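Residue numbers (my numbering), protein chains in the order written: chain A, 16 to 127; chain D, 10 to 874.
These aren't lab readings, by the way, just hints derived from the structure by calculation.
Here the structure is a predicted model, which is why all the values come from computation and not from measurement.
Note that beta-carbon positions come from the ideal geometry of N, C-alpha and C, so glycine has one too.
A portion of the hints provided could be inaccurate.
What the hints assert, rightly or not - Taking lysine to aspartate or glutamate and the EDC-like style, the derived pairs with C-alpha atoms no more than 16 Å apart in a straight line are:
#1 D:K789 x D:E760
#2 D:K789 x D:E862
#3 A:K95 x D:D808
#4 A:K17 x A:D103
#5 A:K105 x D:D808
#6 D:K435 x D:E425
What the hints assert, rightly or not - Restraint-style ranges between C-beta atoms, simulated for each label pair:
#7 A:T44 x D:L262: 50 to 60 Å
#8 A:A90 x D:M539: 52 to 62 Å
#9 A:T44 x D:R501: 34 to 44 Å
#10 A:A90 x D:R857: 53 to 63 Å
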Amino acid sequence: MKKIEIIIKPFKLDDVKAGLLNLGVKGLTVSEVRGFGRQRGHKEVYRAAEYQVDFVSKVKIEVVIESDLVPEAVAIIKEKARTGQIGDGKIFIMPVEEVIRIRTGETGKEAI
Amino acid sequence: MRSISGEFKEAREHLMTLFIQGKGSEAFSEEHAKIVDHYFRRCHQESKIGHLLFKDKALFALLAVGGYGRMELCLKSDIDILILFGKKIPSEAKKLVEEIFYPLWDLGLELGYAIRSVKDCIRLCMDDFEVLTSMTDSRFICGDSPSYLSLMEALQKEVVSKKAVAYGRWLEEQYKIRTEIFGDASHLLEPNLKEGIGGLRDYHHLLWTAKAYCNLRIPGDLEYSGLLSHNEFQGLIHHVGFMRLVRNHLHYLAGRKKDRLGFEVQEEIAQRLGFRDQGDFLAVEQFMGELHTCMTSVKSLNRSFVSTYLPIRSRDRFVQATFVSKDLHIDQGQIRFDSAKAILSNPHLLMDSFEQSSALGCPLSFEARRLVREFLFLVDDRFRKSKKAVQCFLSIINGSNTFKTLEQMYETGFLEAFIPEFARIKERVQFDTYHIYPVGSHSLETVRYLKNLRHQKELHLIDVFSELPRSEPLFLAGLFHDIGKTGKDHARKGEAISRNILQRFGYDKNRSEDVLFLVRHHLLLVETAMRRDLRDEKAVVQCARTVGDIGRLKMLYLLTWADSKATGPRAWNDWIANMVLELFFKILHILDRGELAGSDATQRVNRTMNMVRRSMYQRGGGEDLDAFFEVMPPRYLLNTPPRDIVNHVFLAQDLNKRFREEGTIAYRLESRPNDSDDCFELTFLSKDRPGLFSDMAGVLALHNINILSADICTWKDGTAVDVFKVSRPLDRLHPEETWERVKKDWAKRLEGKLSLGYRLGQKAEASFLSKPRKPTTTPKVILDNRSSDFFTLIEVFADDRVGLLYLITRTLFDLRLNIRTAKISTKGDQAADVFYVEDMEGQKVEDRGQVKEIERALLHQLRQL
Numbered sequence: 016m017k018k019i020e021i022i023i024k025p026f027k028l029d030d031v032k033a034g035l036l037n038l039g040v041k042g043l044t045v046s047e048v049r050g051f052g053r054q055r056g057h058k059e060v061y062r063a064a065e066y067q068v069d070f071v072s073k074v075k076i077e078v079v080i081e082s083d084l085v086p087e088a089v090a091i092i093k094e095k096a097r098t099g100q101i102g103d104g105k106i107f108i109m110p111v112e113e114v115i116r117i118r119t120g121e122t123g124k125e126a127i
Numbered sequence: 010m011r012s013i014s015g016e017f018k019e020a021r022e023h024l025m026t027l028f029i030q031g032k033g034s035e036a037f038s039e040e041h042a043k044i045v046d047h048y049f050r051r052c053h054q055e056s057k058i059g060h061l062l063f064k065d066k067a068l069f070a071l072l073a074v075g076g077y078g079r080m081e082l083c084l085k086s087d088i089d090i091l092i093l094f095g096k097k098i099p100s101e102a103k104k105l106v107e108e109i110f111y112p113l114w115d116l117g118l119e120l121g122y123a124i125r126s127v128k129d130c131i132r133l134c135m136d137d138f139e140v141l142t143s144m145t146d147s148r149f150i151c152g153d154s155p156s157y158l159s160l161m162e163a164l165q166k167e168v169v170s171k172k173a174v175a176y177g178r179w180l181e182e183q184y185k186i187r188t189e190i191f192g193d194a195s196h197l198l199e200p201n202l203k204e205g206i207g208g209l210r211d212y213h214h215l216l217w218t219a220k221a222y223c224n225l226r227i228p229g230d231l232e233y234s235g236l237l238s239h240n241e242f243q244g245l246i247h248h249v250g251f252m253r254l255v256r257n258h259l260h261y262l263a264g265r266k267k268d269r270l271g272f273e274v275q276e277e278i279a280q281r282l283g284f285r286d287q288g289d290f291l292a293v294e295q296f297m298g299e300l301h302t303c304m305t306s307v308k309s310l311n312r313s314f315v316s317t318y319l320p321i322r323s324r325d326r327f328v329q330a331t332f333v334s335k336d337l338h339i340d341q342g343q344i345r346f347d348s349a350k351a352i353l354s355n356p357h358l359l360m361d362s363f364e365q366s367s368a369l370g371c372p373l374s375f376e377a378r379r380l381v382r383e384f385l386f387l388v389d390d391r392f393r394k395s396k397k398a399v400q401c402f403l404s405i406i407n408g409s410n411t412f413k414t415l416e417q418m419y420e421t422g423f424l425e426a427f428i429p430e431f432a433r434i435k436e437r438v439q440f441d442t443y444h445i446y447p448v449g450s451h452s453l454e455t456v457r458y459l460k461n462l463r464h465q466k467e468l469h470l471i472d473v474f475s476e477l478p479r480s481e482p483l484f485l486a487g488l489f490h491d492i493g494k495t496g497k498d499h500a501r502k503g504e505a506i507s508r509n510i511l512q513r514f515g516y517d518k519n520r521s522e523d524v525l526f527l528v529r530h531h532l533l534l535v536e537t538a539m540r541r542d543l544r545d546e547k548a549v550v551q552c553a554r555t556v557g558d559i560g561r562l563k564m565l566y567l568l569t570w571a572d573s574k575a576t577g578p579r580a581w582n583d584w585i586a587n588m589v590l591e592l593f594f595k596i597l598h599i600l601d602r603g604e605l606a607g608s609d610a611t612q613r614v615n616r617t618m619n620m621v622r623r624s625m626y627q628r629g630g631g632e633d634l635d636a637f638f639e640v641m642p643p644r645y646l647l648n649t650p651p652r653d654i655v656n657h658v659f660l661a662q663d664l665n666k667r668f669r670e671e672g673t674i675a676y677r678l679e680s681r682p683n684d685s686d687d688c689f690e691l692t693f694l695s696k697d698r699p700g701l702f703s704d705m706a707g708v709l710a711l712h713n714i715n716i717l718s719a720d721i722c723t724w725k726d727g728t729a730v731d732v733f734k735v736s737r738p739l740d741r742l743h744p745e746e747t748w749e750r751v752k753k754d755w756a757k758r759l760e761g762k763l764s765l766g767y768r769l770g771q772k773a774e775a776s777f778l779s780k781p782r783k784p785t786t787t788p789k790v791i792l793d794n795r796s797s798d799f800f801t802l803i804e805v806f807a808d809d810r811v812g813l814l815y816l817i818t819r820t821l822f823d824l825r826l827n828i829r830t831a832k833i834s835t836k837g838d839q840a841a842d843v844f845y846v847e848d849m850e851g852q853k854v855e856d857r858g859q860v861k862e863i864e865r866a867l868l869h870q871l872r873q874l
């Protein structure tokens, strides 16, 4: 099992979500996040006062899937989230040791 | 006793069954109390211990206290009872409890009891006003009535009259605590039926006040003693009854005592109460609308009642009645009408009273509000259209205490009498967790945020606000923005409705246009920020064109903020604020420069698009035209003649087709003489790649073709479109041969069979004719990061000559810069070029070292010439 963390532009959320659901992903977690990567924030000067617009608003999707689905999932995310511009985002993939469904106590594949 | 409890159980179960069947559910609480009363009376009659006590002259009474005392016994309410002894409490009293109460506990009822003497009661009430409230609600059930009477008398004499002010303060304090903990239930989507402001507790609060200070014994006294008018009292009883009914259903569904009306039960209760969907107006929304109406009315009645009769702040209210205007005066800090007659002879007084309330910061008195309600019929069409009334209304909107005044107008029904369009949204609820207020209150809240802007922490909001030439249209838009709710496209509907209102007002035309614009587009910024890519210049430019000018942008930004804040915590947070702010600044910069989104530019682009559309359809090739418009950059659409755009679209269609069919990277090069300027025009289309433009410039230089001007740009789909104006080829008779040679060299270049650096260098050595002249002016390079939020502008000024453009663009390519758009021009022998570039990441070049390097590299190349 792998956990995929995806940071994308907010307006791409619906596309990526639809893509992942199509793939058979059963659930995912979405959060509104702010941060910066290569796409830096900048300073705005308005009426002599400076406003730091440091962080860029992004959406983070977290989803846990079976390992063999990863390449397909990555392909879909890349296709859906790409604008070709700076700030399209990043995909992180990491191993998951165990998944447990609290209600039933099921573990592993069943619990995803 | 067991048989009595059996009877009781049966009676209670019967009542429950009726309730579930929906029969007589309105009277449930009262009937429920009566059944419990009956049980206690029977117990009292049969009680062995009771008889013993009677013999010992230890007389006692059974009193219902708290909610049970008020006959408000909901399905799962606690039953609170007091065993009151006239004097001492005998030791057998405990046994009485076992006898009477145990059977009820066995039935699973929540029962609270106390055994006290009259003295105990008084002492407790002195220390704890909460006990006092429950005592004042107490009701005699059975037993020794003189004990009860002496208790009530002592309460009044010993406690209430001695501690009148302290009790009043305490009541006020409780109200504040409830506001903090439970909030204003008349606005909330998951209101607390009991403790929320506007809930049942408000009614109790009113009763306690009346009992302590107006000698009220039972609720009916409110009307009989003239404290409330007949209509007010009937309304109150009806509204309280409805809330109690809802609470009973809530208890039933939850299976326990519960007061917070959560989402999960609202739909079910709406059905049980007989609400049905009407089109897209859901049953649950109708139900919650009615509940909010009840709560608003109870809240408002309680507030004004309490502010009239509660003896608090007696000192600072000791102000002489002052005369405010003809027929209005202030007494005890409240606005009052001199007489009801005055209103009849001068209906305008109604509006006047609110204007004074706003100007002086004093609320209308209880009586004054009552008069407003009763004289609402005077607000007719003529009133609504009268200049004087509109003037007053606007001065409330512009003045101070706007929110408080509007709230009073709202609660008394005056607002919807004056603006009947408001009635349709007043209690309109949207059944979701996003909108926490009904639409009407949300509109008022929006105005509140706008009026309180000055106290906000975000400094830029204050800055933006202080720069508005006038704020009136913004405030009006705040009030009207959702007037088209609910249903699809409420902003557009709202615009039409607002237009009617403003016309009736005879409102200034320009300002009307501002209000209507704001209503129509109040979602534009949030929607664009959330749904479009803010790195995409075109998206921002389109938004800027809709907005049109800076004044409107500022108002729209503030409205967006206030509207979202007044919607609920999920509608506005740092994350959204951040994106909207970014969009705001980007639009501001675009409008500031005016190049792409002035009203002039917008018109021109629209005209161009129409002409292109017409001509494409005439020539039968307009199917995918909109897709092409979508990918064309704003500058291209603005500056390219329609005729050329049509040509480019045809070329691009052809290119795409060849790419699809043959898979080759194709290009198109067209030439045509331009006799008026004595030059040639070259149109070059290809899929863009880094260095493409510099290659073309190089190939042209190789053939001694001087570039006089050029417009190059890259469409968003990756099509590079370059238009050159070039000097006539040296071979004036057969120019087409030159173009053929250019094409041949271009093909070689594509195949990697032509080194431009080497060929051009060789050419320069061989030809002494084209030996560099001495530069007459020093070359100049300017990097500009301010003019665009999307690109870095590089401006180059130098002596013109063949190969200049190749050198510049190759240097840019070498520095890994991407040319998105360029404007090349020549005046006399001076070249002035502007390049819109971005780095490989698609970002502006802001690194200082990189900026310096670009300047130095370009200057170095230019000096070589």
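* For the pair T44 of chain A and L262 of chain D, does the Cβ-Cβ distance stay inside 50 to 60 Å? -> Violated, at about 31 Å.
* Would you mind confirming whether the straight-line C-alpha gap from K105 of chain A to D808 of chain D stays at or under 16 Å? => This hinted pair is violated, its Cα atoms lying about 46 Å apart.
* Regarding the pair K435 of chain D and E425 of chain D, is the alpha-carbon distance no greater than 16 Å? -> holds (8 Å)
* Hey, K789 of chain D versus E760 of chain D, does the alpha-carbon distance stay inside 16 Å? -> Outside the cut-off at roughly 35 Å; violated.
* Asked: Would you say the C-beta atoms of A90 of chain A and R857 of chain D sit inside 53 to 63 Å of each other?
  -> violated (39 Å)
* Given the hint of 34 to 44 Å, check if T44 of chain A and R501 of chain D actually sit that far apart at their C-beta atoms. => holds (36 Å)
* **Hint consistency between K95 of chain A and D808 of chain D [alpha-carbon to alpha-carbon, up to 16 Å]** => violated (48 Å)
* K17 of chain A paired with D103 of chain A [C-alpha distance capped at 16 Å] -> violated (22 Å)
* Supplied distance hint 52 to 62 Å, evaluated on CB atoms of A90 of chain A and M539 of chain D -> violated (26 Å)
* **Holds or violated: K789 of chain D to E862 of chain D, with C-alpha atoms at most 16 Å apart** => Holds. K789 of chain D to E862 of chain D sits at ~14 Å (cutoff 16 Å).
Violated hints for the displayed structure, listed by number in ascending order: 1, 3, 4, 5, 7, 8, 10.
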